[in-house]
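Trainee: Kindly produce the complete structure, drawing on both the sequences and the hints.
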Amino acid sequence: MDEIKLAQDIVSKAANQGAEAEVYFRVGRETEIQVDQGKVENLSHAGNKGMGVRIILDGSEGYAYTSDFSPGSVEKSWQSAFELAKVGDQDPFRGLPEPGEIAAEDLEIFDGTIAQTQIAEKIAFALEVERAALGFDKRIVLTNRCTYFDHDITVYLVNSKGFSGSYKQTRIASYLNAIAREGEFTSMALGIGASTHMADLNAQEIGTEAGMNAIRMLGGKPVPSQEASVVFSPLVASQLITFLSLALKADEMQMGRSFLLGRMGEDVASDIVSLLDNGRLRRGLASAPFDAEGVPSRATKVIDEGMLQAVLHDSYTARKAGLQSTGNAIRRSHRQPPELFPTNFYLQPGEMTPEAILSGVERGLYVLNTMTTGGINPVSGDYSVAARGIWIENGEFMQPVNEVTLAAPMDQMLKHVSAVGNDLRFVPMFGVFGSPTIRIDGMTIAGK
Amino acid sequence: MIPTEIARKILDEGLKRGGDLSEVYIEDRETFNLDLDDGKIERAVRGNDRGGGVRVFYQDTTAYAYTDDLEEIALLEAARAASEASKSTAEGRILVDLTKRENPVDVGVKTPFSTLDEKSKVDLLHQMDEVARKQSSYVSSVNISMEEVHRAVWVYNSEGVWAEDDRNFLEFTIGVTAKKNGTLQRSYSGIGAQSGLELLESQSPLVLAEEVAKAAVRMLDARPAPAGEMTVVITNGWGGVLFHEACGHALEADFVAKGTSIYSGLVGEQVASPIVTAIDDGTIPKRRGSLRFDDEGTPSSRTVLIEKGILKDYIWDLKEARRAGRDSTGNGRRETFRHMPMPRMTNTYIDVGTHDPEEIIRSVKHGFFAKQLGGGQADFARGDFVFTVTEGYLIEDGRVTVPVRGATLMGNGPQALKQIDMIGTDFALDSGRGRCGKGQWARVSVGQPTVRVPKLMVGGTDREIGGQIGA
Chain A
1 MDEIKLAQDI VSKAANQGAE AEVYFRVGRE TEIQVDQGKV ENLSHAGNKG
51 MGVRIILDGS EGYAYTSDFS PGSVEKSWQS AFELAKVGDQ DPFRGLPEPG
101 EIAAEDLEIF DGTIAQTQIA EKIAFALEVE RAALGFDKRI VLTNRCTYFD
151 HDITVYLVNS KGFSGSYKQT RIASYLNAIA REGEFTSMAL GIGASTHMAD
201 LNAQEIGTEA GMNAIRMLGG KPVPSQEASV VFSPLVASQL ITFLSLALKA
251 DEMQMGRSFL LGRMGEDVAS DIVSLLDNGR LRRGLASAPF DAEGVPSRAT
301 KVIDEGMLQA VLHDSYTARK AGLQSTGNAI RRSHRQPPEL FPTNFYLQPG
351 EMTPEAILSG VERGLYVLNT MTTGGINPVS GDYSVAARGI WIENGEFMQP
401 VNEVTLAAPM DQMLKHVSAV GNDLRFVPMF GVFGSPTIRI DGMTIAGK
Chain B
1001 MIPTEIARKI LDEGLKRGGD LSEVYIEDRE TFNLDLDDGK IERAVRGNDR
1051 GGGVRVFYQD TTAYAYTDDL EEIALLEAAR AASEASKSTA EGRILVDLTK
1101 RENPVDVGVK TPFSTLDEKS KVDLLHQMDE VARKQSSYVS SVNISMEEVH
1151 RAVWVYNSEG VWAEDDRNFL EFTIGVTAKK NGTLQRSYSG IGAQSGLELL
1201 ESQSPLVLAE EVAKAAVRML DARPAPAGEM TVVITNGWGG VLFHEACGHA
1251 LEADFVAKGT SIYSGLVGEQ VASPIVTAID DGTIPKRRGS LRFDDEGTPS
1301 SRTVLIEKGI LKDYIWDLKE ARRAGRDSTG NGRRETFRHM PMPRMTNTYI
1351 DVGTHDPEEI IRSVKHGFFA KQLGGGQADF ARGDFVFTVT EGYLIEDGRV
1401 TVPVRGATLM GNGPQALKQI DMIGTDFALD SGRGRCGKGQ WARVSVGQPT
1451 VRVPKLMVGG TDREIGGQIG A
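So the protein lines, in turn, are chains A and B. All residue numbers for the first sequence refer to my numbering, where the first residue is 1 and numbers rise by one. All residue numbers for the second sequence refer to my numbering, where the first residue is 1001 and numbers rise by one.
Hints in this document: simulated from the structure, not taken from any laboratory. We put the beta carbon where it would ideally sit given N, CA and C, even for glycine. Watch out, some of these pointers could steer you wrong.
In the BS3-like style, the derived pairs of lysine-lysine whose C-alpha atoms are separated by at most 27 Å in a straight line are [unchecked claim]:
| hint | chain 1 | residue 1 | chain 2 | residue 2 |
| --- | --- | --- | --- | --- |
| 1 | B | K1418 | A | K221 |
| 2 | B | K1258 | A | K39 |
| 3 | A | K448 | B | K1418 |
| 4 | A | K301 | A | K320 |
| 5 | B | K1258 | A | K138 |
| 6 | A | K86 | B | K1121 |
| 7 | B | K1016 | A | K39 |
| 8 | B | K1286 | B | K1100 |
| 9 | B | K1418 | B | K1371 |
| 10 | B | K1119 | A | K86 |
| 11 | B | K1455 | B | K1308 |
| 12 | B | K1119 | A | K13 |
| 13 | A | K448 | B | K1455 |
| 14 | B | K1418 | B | K1258 |
Here are some, though not all, of the chain B residues that point toward chain A, as calculated from beta-carbon distances under 10 Å [claimed, not checked]:
| hint | residue |
| --- | --- |
| 15 | Y1066 |
| 16 | S1141 |
| 17 | M1340 |
| 18 | A1378 |
| 19 | R1382 |
Mentor: What follows is the structure, encoded as structure tokens:
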């Protein structure tokens, strides 16, 4: 079936009724494998498709989706979107963006070898991840959800402003939890790897990471409450970056929901902190030639050497602010209209190795895992998490630590970043966020 | 959705290469969502997703293939893919005759919400917005969402199961941000049930808007939360989310069977304080987590997990139950046809106790009252948990006094369960906002009476107060 033609058809029908229209098609395949104790536990294999129509009538928006591409269903979808646009609220800033020039550069986001790879090979990969974790130490007794995942999608986007484009994208990921036990102690740690290309993934590294961290955290106990330095691993720092990014979205700012409101042009972080949103990062998991509204992707320096320089925009917030969209409209699935979200959002790496950062700490906590559900608040700027890791004295690892909380206002944390490592890593969990190892001074550690 | 004859053909295809069990799952889902932000409808979405999946069990391997095409040929292709992937080598099995199952659980809808026109729904959200804003001039931002889901499922399996369920969910959520002298405070809650228009008779979205706005404003004057170990009293209703996260997941049979759960092998043992009884019950009429049948066609049931502190049973799906040679408890759930089922909670709660809730507060000299919990996270291998308290108060000399903000509760679920020393008479289920994530989302309810835990870690930023209480 010709998706572009079908999309153009709907767009012109809607345009004839005086509406702006945008049609999105997504067609793909995915494979997911879970292994346990050397055997395949679950294997799922499927084709996936979906389409979504966005209609804007005098600044009021309606959206409808379906997974059924039959003419009747497609027709019904755009008509429901049209009806919804009639009952919504008008907003003069709502509208589709004008088409822009898409650069021809290859972003390397498609790996054709994934579709060619036999299932058996993918199973073997997952099994190797598990073996690497179990083999790391005999105290690693189990793994949980040891998973291999890949998908292969084609996106088509057409709108009534004259935009028409498509691209292919692959993603491959593997992860697991390793569980360590010794006597009464249990600990669990994550190992994860993800890329657009199969060749970038290393089963040994993923399994070993999980195994090593589970062993390192085994037997953790609280330390006395105190103020001290912390060193965040890239995984932990990425979580902080994730929440920080939410305070740097123009929609949140325009609604007054950001602790960084009104700070544009100010020094909001230590001068070794630079934050970048880069929709054109080569092999970036969130890279694409254009965003969910057809705006060409780009790189945006959000914080430059500590100074707040820009926030992230889609075409709606940009029009409201009298600026250009930064190409930050994304789509979670065909079931939702585009929304403003970071692309590949990361803290730029520095020069120091993680080892050099750790050995410079006189007294502090190397944080390997944090748990939060709302304790990091981009609105109030509060940061409060439960943490696990290893205690450091005079640059040396001491005992494992568990059951402590870390707390500080985020604007203070940003100012107190005193080292940035060279080991940038991306964690694709709630988006694509990355960070190297970082050191932050003056954190409140609440323990015993 | 598909004739039973076609279901039989697909089941047959799934077993051709000799799997132990084949299953067909068909789903048709319609959704309608409205989001109102800053006084305007920001998003109005309607849609339909449907598809089917075929699962084949062979020894310890489960293979699954799904398709968003419900034509016979696509489903047969999925069955073939699942059957091949299961790597089974045994002889083909004989299909048992399909018999339609009945289950009387009342999750029916009186007046479908879809009978209300779109304009009226938009107006209702605007009214909620107005109510929230008029509570205080400090209210700076309001966002409101409404979700309506109709989900019809059909399940057939080669052992004769034929079950159909029809589920209707309606939900309103609201977040309010209040601002005063540079301090921002956000409060969030929701109501929902398996219900149609009649939801509005028992739970008012306007009252919800008022309560959430008032809570956000109240917390503006809150002091920083204390840090340290103290006696904690947890509110009834939504407070049960703590049990759900920190203990409930560890009672799910997949974690138990693997040995990753702290509760593995402990049936019959004392795992909680003798005053604790905990139950998972998918048969409560109209509740968010209730089901006539789970997504494997097993009738939903009431399972006593812990009785007077003794571990009685786990939460089972078909796969784990078959491995253990027992019956499923009707807890095999999946997010959509794109997902494989796994053991999930339905409506899970700590049962009613004997203490007057006011007496529980009076019993605390210095402590912390967690009135509204945010989300939570727990490590099921150890049961360690962390929860954000979006509305918390100090308890001083037996009275609830000043509001405190930025608090987190942390500790170990199984240990806290052993310590619980007072349980109130004020049992309640939550207002219907629960959404549980375990790689897949599922609607759930949680509940409990007021509960007292003599010692729990409160994480906050105010060390001075923490020092006093700790001492």
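Trainee: Hint by hint, note whether the structure agrees.
Mentor: Hint check results:
1. B/K1418 <-> A/K221: holds, 20 Å
2. B/K1258 <-> A/K39: holds, 13 Å
3. A/K448 <-> B/K1418: Given that 27 Å is the threshold and the Cα spacing comes to 20 Å, the pair holds.
4. A/K301 <-> A/K320: At roughly 20 Å apart (the allowed maximum being 27 Å), A/K320 and A/K301 satisfy the hint.
5. B/K1258 <-> A/K138: Within the cut-off at roughly 17 Å; holds.
6. A/K86 <-> B/K1121: holds, 13 Å
7. B/K1016 <-> A/K39: holds, 22 Å
8. B/K1286 <-> B/K1100: holds, 23 Å
9. B/K1418 <-> B/K1371: Distance of about 22 Å is within 27 Å: holds.
10. B/K1119 <-> A/K86: holds, 9 Å
11. B/K1455 <-> B/K1308: OK: B/K1455 and B/K1308 at ~21 Å, within 27 Å.
12. B/K1119 <-> A/K13: With a Cα-Cα distance of about 24 Å, the restraint between B/K1119 and A/K13 holds, given a limit of 27 Å.
13. A/K448 <-> B/K1455: Holds, at roughly 12 Å.
14. B/K1418 <-> B/K1258: holds, 24 Å
15. Y1066: The hint holds - B/Y1066 has a Cβ within 10 Å of chain A, the shortest such distance being about 5 Å.
16. S1141: holds, 5 Å
17. M1340: Hint holds; B/M1340 Cβ to chain A Cβ min 6 Å, cut 10 Å.
18. A1378: It holds, given that the least Cβ distance between B/A1378 and chain A is near 8 Å, below 10 Å.
19. R1382: holds, 5 Å
Going through the hint list in order, the structure satisfies each hint without exception.
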